[in-house]
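Asks: For reference, the chains in residue letters:
2 protein chains.
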Amino acid sequence: MKWVYIEDIAAFKDLDVEVRGWVYGKRSSGKVRFLLIRDGTGILQATVFSGDENHPLFKAFDELTQESSLIVRGRVREDKRAPGGYELGLQDIEILQIAKDYPITPKEHTTPFLMEHRHLWLRSRKQHAVLQVRVEVIKAIRNFFDDRGFRLMDTPILTPSACEGTTTLFETKYFDQMAYLSQSGQLYNEATAAAFGKVYCFGPAFRAEKSKTRRHLIEFWMVEPEVAFATLEDTIELGQDLLMFIIERVLTKRRQDLEELERDPKPLEAITKPFPRITYDEIVPKLQEKGSAIQYGGDFGAPEESLISELSTNPVCITHFPAKIKAFYMQPDKDRPDLALGVDFMAPESYGEIIGGGQRIHDLNLLEQRIQEQHLPREAYEWYLDLRKYGSVPHAGFGLGVERTVSWMCRIKHIRETIPFPRLLYRIYP
Amino acid sequence: MKWVYIEDIAAFKDLDVEVRGWVYGKRSSGKVRFLLIRDGTGILQATVFSGDENHPLFKAFDELTQESSLIVRGRVREDKRAPGGYELGLQDIEILQIAKDYPITPKEHTTPFLMEHRHLWLRSRKQHAVLQVRVEVIKAIRNFFDDRGFRLMDTPILTPSACEGTTTLFETKYFDQMAYLSQSGQLYNEATAAAFGKVYCFGPAFRAEKSKTRRHLIEFWMVEPEVAFATLEDTIELGQDLLMFIIERVLTKRRQDLEELERDPKPLEAITKPFPRITYDEIVPKLQEKGSAIQYGGDFGAPEESLISELSTNPVCITHFPAKIKAFYMQPDKDRPDLALGVDFMAPESYGEIIGGGQRIHDLNLLEQRIQEQHLPREAYEWYLDLRKYGSVPHAGFGLGVERTVSWMCRIKHIRETIPFPRLLYRIYP
Chain A
29 MKWVYIEDIA AFKDLDVEVR GWVYGKRSSG KVRFLLIRDG TGILQATVFS GDENHPLFKA
89 FDELTQESSL IVRGRVREDK RAPGGYELGL QDIEILQIAK DYPITPKEHT TPFLMEHRHL
149 WLRSRKQHAV LQVRVEVIKA IRNFFDDRGF RLMDTPILTP SACEGTTTLF ETKYFDQMAY
209 LSQSGQLYNE ATAAAFGKVY CFGPAFRAEK SKTRRHLIEF WMVEPEVAFA TLEDTIELGQ
269 DLLMFIIERV LTKRRQDLEE LERDPKPLEA ITKPFPRITY DEIVPKLQEK GSAIQYGGDF
329 GAPEESLISE LSTNPVCITH FPAKIKAFYM QPDKDRPDLA LGVDFMAPES YGEIIGGGQR
389 IHDLNLLEQR IQEQHLPREA YEWYLDLRKY GSVPHAGFGL GVERTVSWMC RIKHIRETIP
449 FPRLLYRIYP
Chain B
29 MKWVYIEDIA AFKDLDVEVR GWVYGKRSSG KVRFLLIRDG TGILQATVFS GDENHPLFKA
89 FDELTQESSL IVRGRVREDK RAPGGYELGL QDIEILQIAK DYPITPKEHT TPFLMEHRHL
149 WLRSRKQHAV LQVRVEVIKA IRNFFDDRGF RLMDTPILTP SACEGTTTLF ETKYFDQMAY
209 LSQSGQLYNE ATAAAFGKVY CFGPAFRAEK SKTRRHLIEF WMVEPEVAFA TLEDTIELGQ
269 DLLMFIIERV LTKRRQDLEE LERDPKPLEA ITKPFPRITY DEIVPKLQEK GSAIQYGGDF
329 GAPEESLISE LSTNPVCITH FPAKIKAFYM QPDKDRPDLA LGVDFMAPES YGEIIGGGQR
389 IHDLNLLEQR IQEQHLPREA YEWYLDLRKY GSVPHAGFGL GVERTVSWMC RIKHIRETIP
449 FPRLLYRIYP
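Going down the list, the protein sequences come from chains A and B. Each residue of the first sequence is one higher than the last, beginning at 29 in this note's numbering. Each residue of the second sequence is one higher than the last, beginning at 29 in this note's numbering.
Any given hint could be a false lead.
The list makes no distinction among identical chains, and a pair is therefore deemed to hold if it is satisfied within one copy or across any two copies.
[Unchecked claim] Each computed DSSO-like pair below joins lysine-lysine, with the alpha-carbon atoms no more than 27 Å apart:
hint, residue 1, residue 2
1, K30, K362
2, K154, K54
3, K281, K167
4, K238, K201
5, K41, K108
6, K87, K314
7, K354, K281
8, K417, K135
9, K108, K30
10, K362, K128
11, K128, K417
The set of hints was computed from the structure by calculation and includes no laboratory data. Quick caveat, the model's predicted, so the values are computed rather than measured.
Please model the entire structure based on the sequences and the hints provided.
Replies: Next up, the structure:
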């Protein structure tokens with residue numbers, strides 16, 4: 029008998045198949061026994077009907093506990109009442125292992141307990157749905173860039189110096205020297221963009237921040253495109269197109285998961301291009317008017333993120349930040365050199381910054397000056413300065429955080445559920 | 029005028045376009061000037077023809093040096109003599125920056141010099157071709173697994189314990205405890221496979237090995253599929269299909285790059301399924317006969333890899349290793365419990381092991397025994413043991429090293445050229 033996955037079951041209507049999986053639930057109703065089986069791709073209802081209380085399948089059914097592993101065989105039937113529209117008429121139950129005292133029960137558990145059992149928690153319906161959305165978001169990102177001719181250029185994790193300050197870096201001994209875990213592949217992207225035109229890197233990034241918020245992970249995944257000859261304007265366009273593509277994909281392919289998560293799709297469906305834009309200079313007084321305590325030059329916190337969400341049902345692009353609050357490599361505005369040509373995309377529904385990027389300095393002298401002003405070790409940046417010596421061109425790019433995007437798509441509270449094994453302050457198990 | 033990429037130029041035949049890039053080379057021949065421009069997606073020949081020695085474009089042409097950045101405009105013409113079959117009739121040259129004394133010249137450079145200038149070396153034709161093959165290999169791997177319903181489940185880089193011994197681990201302070209950089213996502217894959225059925229992880233892995241061979245990188249990328257209910261047999265099938273898929277893709281899509289690298293495609297074209305299989309017990313005496321100094325229980329070194337290459341023009345699958353030389357989690361053979369149900373795929377042309385995998389222990393008692401025998405800290409493996417308590421099922425998977433595969437596809441000597449910024453023993457710059 030053919031082993032099939034539950035997500036493919038519709039193709040086997042009226043045929044005998046084998047399904048391999050785990051017991052998700054069961055119930056009896058008179059002469060019928062209902063078994064819910066999950067195989068990782070879906071949940072299938074399998075039934076036995078018999079007037080004989082001693083039916084051998086009833087005995088096997090009675091033995092089964094939550095998460096017991098088994099192989100079942102039977103005929104696929106269309107049945108509108110069954111979850112997913114199909115059910116299996118059970119002919120055979122082969123028990124592989126009876127699970128005893130599975131720790132995650134339908135009752136409420138505390139978060140620390142669930143995090144301690146993350147390896148099992150992943151099997152539950154809600155976590156499964158969130159991670160299915162994650163799979164789709166990542167696939168959408170890769171398809172978006174691959175289809176537009178971007179070259180994936182992996183940037184190193186072990187780096188000799190810091191991209192944005194050293195206080196939040198993990199360090200490790202690298203033979204006879206020290207190395208730091210990368211917080212961003214951007215500087216390296218600038219080198220590969222000059223070699224390949226349009227590039228992206230997509231990998232884990234690390235921030236040793238001692239902050240415990242619902243938005244922060246110590247280890248997270250980030251995609252960072254970089255385009256030679258691109259400007260701030262181009263990078264805003266690209267970010268906008270990427271977000272529209274991701275939303276469209278999630279709405280098309282993962283609608284069932286959104287339902288499972290009770291995520292109202294309407295706010296996502298309402299998003300349209302172009303996204304509204306506002307400069308930092310314009311938004312600060314607006315936020316102050318609405319009661320925010322933000323000062324000029326300050327960063328946006330949770331209260332500001334909520335207030336920005338009220339400005340539009342679309343993501344909001346904030347541009348032209350004070351240069352001194354942004355990284356050393358940001359290109360200044362031609363007419364207002366105190367402003368940096370950066371952009372932050374703020375997600376709707378108070379999900380905060382999901383994209384940060386902008387145009388980079390391509391003038392050698394200016395970059396040298398910035399490195400000096402910020403007391404960065406010049407020798408570590410020699411290669412980066414080379415990019416401005418040998419055929420320098422304007423270029424721009426951004427970073428999008430995968431887990432923040434998934435949180436927003438799923439409208440879940442805490443980012444820790446958007447990655448299989450979250451790394452949080454003081455938490456590294458399992 | 030429309031900015032187009034060189035790889036798309038054929039679509040703009042007889043039209044006026046703009047190309048943005050860098051000078052790759054130039055030459056004069058009587059009244060004609062030939063400019064080779066690279067934009068990261070290809071190399072285009074642009075020409076000016078004039079009887080007037082003082083033609084303004086001739087003056088601009090004379091100024092240009094290797095890697096100078098520029099924007100050119102002109103009409104696309106079909107010309108069979110031009111590289112790629114198209115050339116640009118130059119109407120305008122806009123110089124962005126004249127590059128002075130570009131360090132990488134057509135003359136021979138030493139490897140340490142090129143590695144020190146890796147950020148620029150990436151722009152040269154051969155390095156470009158190798159990394160284009162890398163892009164294709166990675167895309168092929170993702171497509172292969174995505175199309176077969178595998179879920180990408182990212183596994184953590186920062187881990188509390190070692191998968192295969194602690195001597196080759198990078199360690200870092202993780203708040204109040206220690207963390208280690210992952211060498212493999214496999215153990216975590218086993219948890220996600222029980223939740224999602226078919227999974228893969230694909231990320232960087234780290235080995236702090238003090239070895240300096242042409243096969244080793246300190247930081248490398250690895251794809252690792254894991255399938256619940258799969259056996260050694262299934263995992264050999266899967267590895268075989270994956271390799272056939274990658275080869276087919278590289279041969280179809282990157283033939284030009286292979287040519288650039290002077291890589292004879294015939295050995296790749298000759299590969300067919302099924303791959304020959306041989307057990308460890310069978311191959312050791314064969315190798316000894318052919319002059320290898322290998323002892324029973326020993327690992328394959330470079331001489332053995334060459335000898336194995338002589339056995340077949342296909343990759344060779346070696347199975348059933350002595351359990352004691354393999355990892356603690358390997359499932360023993362039913363009839364010969366001293367043998368492990370593992371498989372190594374040895375690439376042809378002496379490229380050595382590119383896939384390693386097998387079936388994992390699913391019996392709780394046996395796994396507990398192995399953890400004890402190998403003096404592993406049980407508390408670190410509690411979650412891993414849980415997978416054998418709650419619905420344990422047979423499962424199998426493997427790991428494929430991206431850079432080794434790319435080396436083989438390109439038939440290049442040293443693995444360091446297969447990743448944008450290689451991390452080698454004592455080398456972490458740029």
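Asks: Is it within, between, both, or neither for K362 and K128, if the alpha carbons may be no more than 27 Å apart?
Replies: between (68 Å within a copy, 26 Å between copies)
Asks: I want to check one pair: K128 and K417. Are their C-alpha atoms no more than 27 Å apart within a copy, between two copies, both, or neither?
Replies: between (67 Å within a copy, 8 Å between copies)
Asks: Between K354 and K281, at a C-alpha cutoff of 27 Å, which is it: within one copy, between copies, both, or neither?
Replies: Neither, since 37 Å and 41 Å both go past 27 Å.
Asks: Should K108 paired with K30 be assigned to within, between, both, or neither, using CA atoms and 27 Å as the limit?
Replies: within (24 Å within a copy, 54 Å between copies)
Asks: How would you classify K41 and K108 at a CA-CA limit of 27 Å: within, between, both, or neither?
Replies: within (13 Å within a copy, 56 Å between copies)
Asks: Is it within a copy, between copies, both, or neither that the alpha carbon of K417 lies no farther than 27 Å from that of K135?
Replies: Classified as between: cross-chain Cα gap 21 Å, same-chain 63 Å, threshold 27 Å.
Asks: Under a CA distance limit of 27 Å, which applies to K281 and K167: within one copy, between copies, both, or neither?
Replies: Both, since 11 Å and 21 Å are each at most 27 Å.
Asks: Under a CA distance limit of 27 Å, which applies to K87 and K314: within one copy, between copies, both, or neither?
Replies: neither (69 Å within a copy, 54 Å between copies)
Asks: Is it within a copy, between copies, both, or neither that the alpha carbon of K154 lies no farther than 27 Å from that of K54?
Replies: within (19 Å within a copy, 61 Å between copies)
Asks: Classify it for me, K30 with K362: is the Cα-Cα distance of at most 27 Å met within a copy, between copies, both or neither?
Replies: between (67 Å within a copy, 25 Å between copies)
Asks: For the identical chains here, do K238 and K201 meet the 27 Å Cα criterion within one copy, between copies, both, or neither?
Replies: both (22 Å within a copy, 13 Å between copies)
Checked against the numbered hints given earlier, the structure breaks hints 6, 7 and satisfies all the rest.
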